[in-house]
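Visitor: These are the residues of each chain, in order.
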Amino acid sequence: MKLIRMKYTKWFNIMRDGISRQNPVAVAVLGICSSLAVTNKVENAIAMGLGVTFVVMISSATVAAFRKVIPNKVRMITYMVIISTYTIGVQLFLAAYFPEISKALGAYVGLIITNCIVMGRAEAFGIKNPVRYSLIDGFASGMGYMLVLILVSTIREVLAFGTWLNIQVMPASFPTWTVMALAPGGFFVIGLFIWGIRELIGYYEA
Amino acid sequence: MNLLDLAISSILNNNIALTFILGMCPLIAISTNVKNATGMGLAVVFVVTLTGIINYPIYLLLKATGTTNLSLLVFIITIAATVQVLEIFVDKYLPKLYNSFGIYLPLITVNCIVLAVSLFFVNRSYSFAETAVFSFASSVGWMLAIILVAGVREKMAVNSDVPRGLGGKGIVFLVLGILSLAFLGFTGLSF
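Top line first, the protein sequences correspond to chains A and B.
If you're matching positions, the first sequence starts at 1 in our numbering and goes up one per residue.
If you're matching positions, the second sequence starts at 1001 in our numbering and goes up one per residue.
Hints may be right or wrong, so weigh each one.
[To be verified] Computed, partial: chain B to chain A, Cβ under 10 Å:
1. SER1071
2. ILE1077
3. ALA1080
4. THR1082
5. VAL1085
6. GLY1168
7. PHE1173
8. LEU1174
9. LEU1184
Hints listed in this document are in silico derivations from the structure and should not be mistaken for laboratory results.
Since the model is a prediction, treat every value here as computed from it, not as a measurement.
From the three backbone atoms N, C-alpha and C, an ideal C-beta is built for every residue, glycine too.
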């Protein structure tokens, strides 16, 4: 019984919107740079997805906690400072515990700051809602983002290297599609991906 | 590295939009027609070159004081401040210029190529001259990419039959994919 009623709770709705109906990448087309640039390997996609999820959740919550004291005029720069502080945290964490992933992601970890999803959630949700809902909203957006990243990187890694999370999945005779590891492959996969998702959920741009 | 070489490679074979996939949000949002794309492109060239040049001495200062961990925070504040000052300045003294690209200025703070250029010169340990050339050339490369995409989209809006689900932003990715394939052809180009 509880499961059915869950459908109507606020946090469930926020979750569902973030992951499907308002999926940041497929529907809102935000945060594209990093979702294309880091998705040639699944492990990079997971690291990036977790990093972004963490930053979205915690910065949106921080904005929510201070929403009554942040003056309207300087709110953008306040978000920037909050977001970049947490991003530095993620960067140092990756560099300390996962040096290889940190090297592979390079400057893109720093670019979490300019990932529109983070700023977008702070502006669209954090500034108007209490801390607990902002956390859930950030989590949902982050998960929606990570889901897309993992799917896209799965397609790209399998085709480009014949592996998934560095495990050989294709037969050794499989001719690898080098282009999938490069930028054009990313563009094509994400384009087709957006097409697929939009057909599935029936969202069309006029 | 030869400066001319660096400039050519940042515009063509290492195009910041088509090879490093940076600055996609504005590229997709503002590439509906060539006029707006050019305005945005010019604004980006202006801001990226300026912030590249400003961030370089700031980075040296951070390095001298051993606080390079804070470079992200410092860079982003510099960028936001530069954009703000520039907007006020252009609005006051160059009203004509402001009308043509002023509206794009505030959007640039969240354009990742501004921050990316600053992070790249740190990662690749460029000298000051290299940083200046690199900032200018990469932003010109970005402008080239947005104008090309806008040209294609302008034509496409009139005479092409795009599937429903791909309409609007979806198709832009396929256009970008093909463009980026074409730019792969520049690989190995040097003087």
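Visitor: For every hint, state whether the structure bears it out.
Guide: Taking the hints in turn, this is what the structure says about them:
1. SER1071: Interface hint status for SER1071/B: holds (8 Å vs cutoff 10 Å).
2. ILE1077: Since the shortest Cβ distance to chain A is 7 Å, the answer is holds.
3. ALA1080: 5 Å, holds
4. THR1082: Status violated, d = 12 Å.
5. VAL1085: 13 Å, violated
6. GLY1168: 3 Å, holds
7. PHE1173: Given a least distance of 3 Å, the restraint on PHE1173/B holds.
8. LEU1174: 5 Å, holds
9. LEU1184: 7 Å, holds
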